[in-house]
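Student: With the hints as constraints, model all of the structure from the sequences given.
The listed protein sequences correspond, in order, to chains A and B. Take 1 as the starting number for the first sequence in our numbering and just add one per residue. Take 1001 as the starting number for the second sequence in our numbering and just add one per residue.
Here are the simulated lysine-lysine pairs, DSSO-like style, with alpha carbons at most 30 Å apart:
| id | chain 1 | residue 1 | chain 2 | residue 2 |
| --- | --- | --- | --- | --- |
| 1 | B | K1007 | A | K293 |
| 2 | B | K1105 | A | K374 |
| 3 | A | K305 | B | K1302 |
| 4 | B | K1007 | A | K383 |
| 5 | B | K1007 | A | K296 |
| 6 | A | K374 | B | K1007 |
What the simulated footprint calls covered on chain A by chain B, stretch by stretch (three residues with Cβ under 8 Å from a Cβ of chain B suffice, anywhere in the stretch; the number is not a length):
| id | region |
| --- | --- |
| 7 | 314–322 |
| 8 | 338–348 |
| 9 | 394–404 |
| 10 | 513–525 |
From chain B, some residues computed to sit far from chain A (all C-beta separations above 12 Å):
| id | residue |
| --- | --- |
| 11 | S1045 |
| 12 | P1185 |
| 13 | I1377 |
| 14 | W1411 |
These aren't lab readings, by the way, just hints derived from the structure by calculation. Just so it is clear, CB atoms sit at the ideal spot from N, CA and C, and this is done for glycine as well.
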Amino acid sequence: MGNHQLNIEQERYSIPKKTKTFLMGMILVGLILSIIGFFAIPRGEHHDEKEGHASVETHETLHAGMQATEEHDVEEHATDDTEANHAETHDEDGTDEHATDETEEHAAGAHETDEIAAHNDQQNEIVGDVVGTKIDCGVAGCPDPAHNHHAHNAGGAHGDHHAKPWYTRVYTALLMNSYYILLISLGGLFFYCVQYVANAGWATALLRIPQGMYSFFIIPAVVVMLVVYFAGGDIYHWVAYQAQNILPGEEGFDKILHGKKWFLNKQFVFGVVPACMVIWYIIGMRLKALANKEDKEGGTWSFSKSIRSSAAFMVLFGFTFSFLAWLVIMSIDAHWFSTIFGIYHFAILWVSSLSVIMLIALHLRRNGYIKILKDDHIHDLAKFMFAFSVFWMYIWIAQYLLIWYANIPEESIYYTMRQDSSYHFFFVINVVINFIAPFLLFMTRDGKRNPKIITFVAIAILVGHWNDLYLSIYPGVFNGEFISPGLMEIGLFLVFGGIFVWWTLAAIAKRNLIAINHPYIEESATHDVGV
Amino acid sequence: MHQIDSKIRPRLIQGDKSITDVSNDICRPIENKATAAWKLGFGISLLFLALLGGTLFWTTWTGIGVWHLNNTVMWGWDITNFVFWVGIGHAGTLISAILLLFRQKWRMSINRSAEAMTIFAVMCAAVFPLFHMGRIWVGMYWVLPLPNAFGSLWVNFNSPLLWDVFAITTYFTVSLLFWYLGMIPDIATVRDRAKTKSRKFWYGFFSMGWNGSARSWHRYEIVSLILAGISTPLVLSVHTIVSMDFATSVVPGWHTTIFPPYFVAGAIFSGFGMVLTLLVIARKVMNYEDYITIGHLEAMAKVVMLTGTLVGIAYLTEFFIAAYSGVVYEQYAFINRATGPYWWAYATMMSCNLLAPQVFWFKWCRTTPWFLFMMSIIVNIGMWFERFVIIVTSLHREYLPSRWAMYVPSWVEVGIFLGTMGLFFTCFFLFAKFLPVINMSEVKSILKSRE
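Tutor: Encoded structure:
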């Protein structure tokens, strides 16, 4: 250290008026959009017509030029729906046949909701029957869905997918957005702990940002749990199925769902998941207390204690995060499974969190805070965003390629529902926004140091992973039926996002902005990335 | 402003070394006569290398039937050893490339030997698929996708086995370049200090006219950074594709989406195990304890613990998802792994890879060299068994019980494996004698890191 005299001053942040107005506006607009969206959801009575129109409107904007096919499709859909509603209980086979016929009829127009439904039924049959006839299905081709009565029954709870109540949409939008904010906010804690565990110095100037972020996470955590509790069978097929209490041999028995009872049950969902969240939160609070103590007393005691707590968090997080992803998201597609799923959601968590940290860091710097924060820190954060966009892509490819290559029906259905369906557009832009945009824009050194480009990429990543979660959740909840993201989804995203950012900024404003007694603060202040 | 290192960070190089001390210490093995210990070790390695030659000759002469592979277990020790050696290579690239990108300066004392290890390990790995082809002389045209005179006979581009050929050869080439490029300034140092004619000639030849000008250094650093940038995705791709050799199939126990990241974590784990094995010994024998300090060993122990735990999480995830999936074949594959005739392999794998590294939560375990050496051996054994478990126990129970079989290696297979050990250590002994084991020029740059 010698003769270097570093003057690092303590700073206090207060949320600028402009920012408050902006966030207030964001929340208000979000609220208005959600309310409009809420009333625009087709209700039960007028289910058929309204749903048709709503889906066409949004659809059109996305697939201009496919109008004709679409409208035709909607009419078909409507009749089909009516039939399903009236004749469901005693004429399931009939409905099914209808769907299958339609598939043949419109083989050219691949973007059909009913086609997907048919696909999906077919899949359910395959899955339902897999234990007995896996080899038949895989090698000799699957039996015709319309004529396979037993298999159709195996679909169980899925037979009634046209009858999802209208408010399912509300639950799903809530689940998606609260889960997303939960991930981002939890990512703050992960970032904080990584710095300690890796003994890293460079990010010390930034540490209060992730700390502000994770102070919020208990709120989306509660919302997620409430949605899971109240939505129950509307979102999760397995909940609806278990409520029916079908015994082996009875009509509608589903071997697979039955076999998953030991894991997919209320005790696990409402025992394990909240328990994990509480433990994460407690460690987060402990780390915050240690940081406060360090601010007051100095010394390295808090530092070494923080390392221990961080290590404890990393281990617990590593072993428990998957439970969150499995129980809350993967179990939506209850028949489906993928070992990499937890890591995939971790990738979403990490890269979106980094983007939020980046945006807040830029905001603080723009307003003259954290004087020791230099281009070099921003550059390094941008490198992280770059690296973990690539990481996300890697994990995405690992899952997609292996499932595509092996082409086992009960696994590939997941992508059939997302890729060969009306979700196709979102499926493609998912990769474009989340990988190609950051990859190209952050390739150069200048790109990683230019606030405008960085802001663009960060927002792209945040929107991109919102879309990513949309693809994870919606096709599963609505059995492949195309539900375009509407005003409510966007509105709730703005509401949750606005509250989250406000809360984070308020938490940052409450405390000293600089971890001035941190043993690595000088390293961070003199951080230099070189070339 | 000059970058400041925190006071609480220990010095990376101990013992108050001056720049001259570094040159003297690191050139010593090159400039002095070989020690008795070196001669002994080298001699033993040569014996094993001869064993490799003998067993490979026998395999080629008699045919692949001298291995105990059968129709059910068509991959055995050969592919186990192949994956084992490829995995070991990963630590070198991780240390030299990824830690360079992360600006981790502790890498500077160990990257040279770790990279050398990478290259030798990939060479050992290559032996297995090459000789598994049986008639190796016709292999060249299967492996290289060249248009040929045999009509429309092309390699199968859909096959991960072919991707593997590309991935590994690219990886080998880039690693070799990276290693050699990093060594040029040090070879020039040896050249400048040389007192014999032949040394002056050879080191002069291989230093490619390095003159140490600012421009040379500038280019050196830029090229290092670019090569590090290329190596990073490469190292991930190599074991990813190795994992796809298995995971793209529909064999229960192989087809699982977590394989790519899990194989990469396992590779880094095994690689660090091998780096520890080599360096704990080398620092003692060559008197490099001030360069490869306890701090370095501790950092490596932490990486071992981290990656070991990641691999452990992957094992548990696989097991869990197999149970959860409801696919009876998957469930059986995993139950069979844990309780079937090869349960001992599974138990070894679990205890060596997941449980054993947890001792590194204790500082004593991370900082005691003899204990670290022991642990590194355990890690090596554990990772070998991991591959054995994945390959053999997944294969030996086919869909049809009439095809069930057991697999025990023949003496030839064991001989080839021991022989590759010989190849590996022969190369490493030569490296330790004739090349600077530690990156002198980089280490010199961090001597006074805390002034």
